[in-house]
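Which chain is which? The protein sequence lines are A and B, in order.
At position 396 of the first sequence (counting the first as 1) the number is 396 in my numbering, and the numbers step up by one without a gap.
At position 222 of the second sequence (counting the first as 1) the number is 222 in my numbering, and the numbers step up by one without a gap.
Since the hints were made in silico from the structure, they are not lab data.
There's no promise every hint is true.
DSSO-like, lysine-lysine: derived pairs with alpha carbons at most 30 Å apart [what the hints assert, rightly or not]:
id: 1; chain 1: B; residue 1: 219; chain 2: B; residue 2: 50
id: 2; chain 1: A; residue 1: 123; chain 2: B; residue 2: 153
id: 3; chain 1: A; residue 1: 388; chain 2: A; residue 2: 400
id: 4; chain 1: A; residue 1: 277; chain 2: A; residue 2: 311
id: 5; chain 1: A; residue 1: 127; chain 2: B; residue 2: 265
id: 6; chain 1: A; residue 1: 123; chain 2: B; residue 2: 265
id: 7; chain 1: B; residue 1: 50; chain 2: A; residue 2: 623
id: 8; chain 1: A; residue 1: 61; chain 2: A; residue 2: 388
id: 9; chain 1: B; residue 1: 265; chain 2: A; residue 2: 623
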Amino acid sequence: MALDSKSDGEKLNFKVIGTRPLRPDGIDKVTGRARFGADMSAPGMLVGLVLRSPHAHARIKSIDTSAAEALTGVHAVVTRADFGAVENEATADVLDNCMAGDKALYDGHAVAAVAATSGKIAKQALKLIEIDYEPLPHVTDVDAAMQPDAPSLHDGRANETVPEGMSPNVMARHEFGHGDIEAGLAQADRVLERTYRTEATHQGYIEPHACLASMGPDGQADLWCCTQGHYMVRNTCAEILGIEQGQLRVTASEIGGGFGGKTTVFLEPVALKLAQKSGRPVKMVMSRAEVLRATGPTASSSIDVRIGMTKDGRITAGFAELRYQGGAYPGSPVDMGSMSAFAPYDLENVKTVGWDVVTNRPKQAAYRAPGAPMAAFAVESAIDELAKGFGLDPLEVRLKNAAREGTRASYGPTYPAIGLEATLRKAKDHPHWSAPLGPNQGRGVACGFWFNFGGDTCVSLNITPDGTVTLSEGNPDIGGSRASMSMMAAEELGIPYDKVRTVIADTGSLGQNEVTDGSRVTFAVGLATIEAARAAKREMCKRAAMVWGIDEEAVVWEDGAAKPAGPNAGDHEPMSLAEIAAIASNTGGPIAGHFEVNAEGAGVSFATHMVDTEVDPDTGAVKILRYTVFQDAGKAVHPSYVEGQFQGGAVQGIGWALNEEYIYGEDGILQNPGFLDYRIPVASDLPMIDTVILEIPNPGHPYGVRGVGETSIVPPLAAVANAVSEAAGVRMTALPMSPPRVLAAIQSENG
Amino acid sequence: MQYLSPNTVEDAVQLLASRTGECRVLAGGTDLLVRLRSGMTEPDSVLDIKRIDELRRITREDGGWRIGAAVPGAEMSENADLVSDWPGVVEAVGLIGSTQIQGRATMAGNLCNASPAADSVPALVAADAVARVAGPDGVRDVAVFDVPDGPGKTSLGRDEFITSIFLPARPARSGDAYLRFIPRTEMDIAVVGCAVSLTLDAAGTCTAARVALGAVGPKVIAVKEAADILTGSIIDAATLDRVAQACSAAANPIDDKRGTADYRKHVAGVLARRATAIAKTRAGGAA
């Protein structure tokens with residue numbers, strides 16, 4: 001058969017792609033019908049609760065659970081002693097984070113768990129567990145943790161990249177770049193050296209972690225949970241519990257936000273262990289305080305930058321040394337920060353060095369473009385300061401140095417077609433750029449980059465007997481993927497959007513799927529969906545050819561129907577998808593299409609952000625007046641969702657820039673484990689975030705799609721800092737720019 | 001836990017007096033329910049005063065206003081005459097929580113919760129408001145300033161509760177204002193709060209003033225020095241500077257996660273200057 005009626009790329013004449021149909025999860029979410037992690041229940045279910053360390057760092061000398069076990073209504077108590085050894089080092093860290101071993105490594109670290117017939121009894125049982133702690137010295141700051149005499153969390157875990165003589169808290173060193181930094185700096189008219197700092201911020205999803213676990217005496221287990229990747233949950237839990245992956249079926253609930261923070265496990269292995277031990281289903285739901293104390297915020301950072309620029313705005317060399325603490329275990333995203341720091345620029349001489357450091361804080365988890373926003377904050381602030389110092393237009397300076405197709409990226413590869421220059425030109429032409437500013441107001445711009453991922457993907461598309469389509473994907477929908485998958489299937493099949501329903505299948509229904517991360521889903525699952533639809537079309541053309549008694553190759557698929565390819569194929573009325581489906585049983589059986597791939601060619605993404613702020617010089621309070629996002633989406637499948645991703649990233653970045661921070665006391669205890677004092681922006685803090693979608697097609701996707709979920713959080717830290725620095729008349733180099741910090745900077749500038 | 005809902009003040013007093021164990025008075029419940037749910041408090045009984053009709057009324061009395069202890073903030077904001085007399089008190093009450101919370105939260109509850117950062121309390125102190133307290137020995141009136149004792153503590157007896165708060169009559173050319181500083185625009189607790197109430201004569205000279213600060217000490221602070229500076233002045237720029245200095249000096253804050261002591265002292269002055277200017281304008285003074 002011939003399927004070339006549509007060619008790939010920008011020439012496509014889309015019917016469904018680019019429209020804005022109603023979201024399929026909307027009514028469920030506004031009526032309360034949607035089932036989130038905490039909405040699941042099972043007969044005989046117990047309530048599971050976790051006991052957490054009140055110390056920032058302590059040796060656990062002994063745990064006595066006998067009194068708790070003796071309490072009526074308590075069916076199981078679990079400590080680390082109930083888990084076996086795990087070989088894989090990364091998974092062993094995940095287990096240690098879910099249930100502490102010899103040491104409690106941070107305030108809130110899980111040390112024991114109980115399952116009881118009621119929450120009240122479970123709470124009582126927690127109070128009856130006796131733990132003998134030996135408090136140890138602690139460290140929560142990244143620079144302090146790198147001092148050679150700092151309290152050590154793990155001895156001897158540094159990898160071979162770390163030079164001798166460093167603090168045992170330094171786990172790894174990363175280096176990227178090319179050229180000769182010193183030679184480049186020597187060509188500059190000015191070399192700027194600055195240190196920048198950012199605080200840890202939490203993903204701030206509204207839905208706390210929750211799960212329901214059940215395991216029969218035969219070892220067959222079921223788990224329902226809110227997660228960004230139930231295949232990851234299955235594989236990790238199976239490894240930790242020492243059971244076969246095939247025996248554990250995981251179903252993802254509706255998810256109330258993830259932003260990267262739900263790409264690992266916290267409660268799930270514990271709930272399964274409690275279920276195994278008690279023989280009853282066990283439900284666990286975190287409180288907000290538990291979420292903030294014990295699940296992943298992102299890393300805090302301390303970054304030195306040296307950039308040389310000529311007086312006409314050419315960057316001659318860029319160097320950055322990045323230090324990220326990722327909590328109590330190795331694996332901070334400093335590698336990705338080091339790779340992305342200078343990624344938007346075409347530089348002859350560029351080098352980044354990253355240090356991965358552990359501290360007595362919760363194990364960091366991915367947060368939207370992990371590692372990149374802090375690096376961009378440092379580099380984009382420095383470029384801005386240099387540009388303004390020379391009296392140059394900061395957008396022109398970025399255009400002058402912008403990476404383009406063929407540029408050798410600072411982290412190694414050579415770029416194919418990319419959209420950075422287009423976002424900068426669009427920003428320069430936008431009315432926002434030339435709008436007047438009032439007193440105490442300032443405007444900032446910044447660029448951002450994200451890699452975007454592909455990865456293992458498996459989808460199944462089924463044609464029902466009445467001619468509707470069900471699509472099963474294995475990725476929890478955190479950004480509108482059910483809508484966009486249905487749209488891509490409908491586009492490819494030539495049928496209306498509302499004839500397709502997409503569901504998130506459990507781990508028993510599809511092959512391995514990588515978690516919903518790296519902005520991969522619309523790209524990779526979309527690609528697989530299109531290929532699955534094409535497979536179904538091929539099958540339907542074959543069925544029509546059989547009915548007509550002609551060659552398969554003589555049938556084409558157009559406008560939702562099989563048609564003879566030309567006059568030579570004979571005179572047959574087109575057969576619609578519904579007509580073919582109705583007789584499928586007589587032409588060979590059910591019709592389905594499926595596709596499995598480790599998707600490559602995700603296509604990098606760039607954005608430019610522009611923001612106006614006003615600073616109250618008496619209080620240091622910052623108001624966001626206007627905000628515009630310019631980002632390349634490759635092809636916007638459902639523009640409303642794309643705009644939502646742009647806006648959401650900007651807002652989370654504004655929070656990170658202005659008021660969000662983990663505040664630790666001298667005792668290493670988190671001071672603000674709640675949404676009152678962990679200040680996410682509220683609606684009244686923000687203007688409408690304007691968006692401009694650019695579409696530079698990604699050659700790696702049939703429709704040109706690029707991931708859009710992460711790039712939008714990369715520029716705002718720097719964009720806001722550049723705007724606030726202008727409005728306040730003093731360069732801000734530390735986040736958050738909370739009112740006391742801004743006021744102190746203004747006062748010290750004014751002597 | 002037992003839930004009690006008497007229909008009269010007398011019944012409520014009797015129930016309170018006869019209880020053994022801890023009994024918490026419930027008005028709007030916007031503080032108490034949060035504490036109950038989080039397990040911060042586990043009382044033996046809860047006494048709901050919302051079924052007592054007289055506590056749900058806003059009434060004129062001696063030219064002033066009596067606000068029942070169970071009147072939610074939203075009802076105060078919707079009473080145009082009350083807003084016209086005491087705009088600062090009503091705007092302070094209106095800052096407590098979200099729109100939904102305003103449908104429940106009461107001024108008396110805000111006072112009895114005894115948070116140093118309570119928004120309505122500085123405004124009530126600036127207004128020279130008086131709380132009416134019912135107890136086994138009958139009813140007594142006590143200045144609002146004397147109700148909070150420190151964080152989470154009041155001067156009320158074990159069997160006492162507030163039935164209403166009285167806002168006195170306003171002389172002509174009076175105005176009040178309350179401002180608070182929070183890092184966000186909503187859903188936050190005052191880092192500093194400042195209320196000013198003043199009266200001008202026909203020539204624009206201030207004849208009486210009261211200034212109060214919140215969130216910069218263990219309880220609300222009445223800044224007599226600032227009031228003295230205002231009284232007799234024409235409230236020009238120099239006066240505002242002196243008021244700001246007096247308030248910064250009177251503030252006695254701590255360093256905590258919501259702000260440093262130095263920052264709070266500075267902002268106390270900034271808010272005092274701004275609130276005084278608003279109160280002056282509301283009193284009909286030239287801007």
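Going through the hints against the structure:
Between the alpha carbons of residue 219 (chain B) and residue 50 (chain B) the distance comes to roughly 27 Å, so the proposed pair stays at or under 30 Å and holds. In summary, the hint linking residue 123 (chain A) to residue 153 (chain B) is supported, as the alpha carbons are separated by about 28 Å, within the 30 Å threshold. Distance restraint check for residue 388 (chain A) and residue 400 (chain A): the Cα-Cα separation of roughly 15 Å lies within the 30 Å cut-off, and the hinted pair is therefore satisfied. A distance of roughly 70 Å separates the Cα atoms of residue 277 (chain A) and residue 311 (chain A); the hinted pair therefore is violated under the 30 Å criterion.
At most 30 Å may separate the alpha-carbon atoms for a hinted pair to count; residue 127 (chain A) and residue 265 (chain B) exceed this at roughly 41 Å. Restraint check for residue 123 (chain A) and residue 265 (chain B): the C-alpha separation of about 42 Å exceeds 30 Å, so the hint is violated. A distance of roughly 40 Å separates the Cα atoms of residue 50 (chain B) and residue 623 (chain A); the hinted pair therefore is violated under the 30 Å criterion. A distance of roughly 58 Å separates the Cα atoms of residue 61 (chain A) and residue 388 (chain A); the hinted pair therefore is violated under the 30 Å criterion.
Restraint check for residue 265 (chain B) and residue 623 (chain A): satisfied, since their Cα atoms lie roughly 22 Å apart, inside the 30 Å limit.
In summary, the numbered hints that this structure violates are 4, 5, 6, 7, 8.
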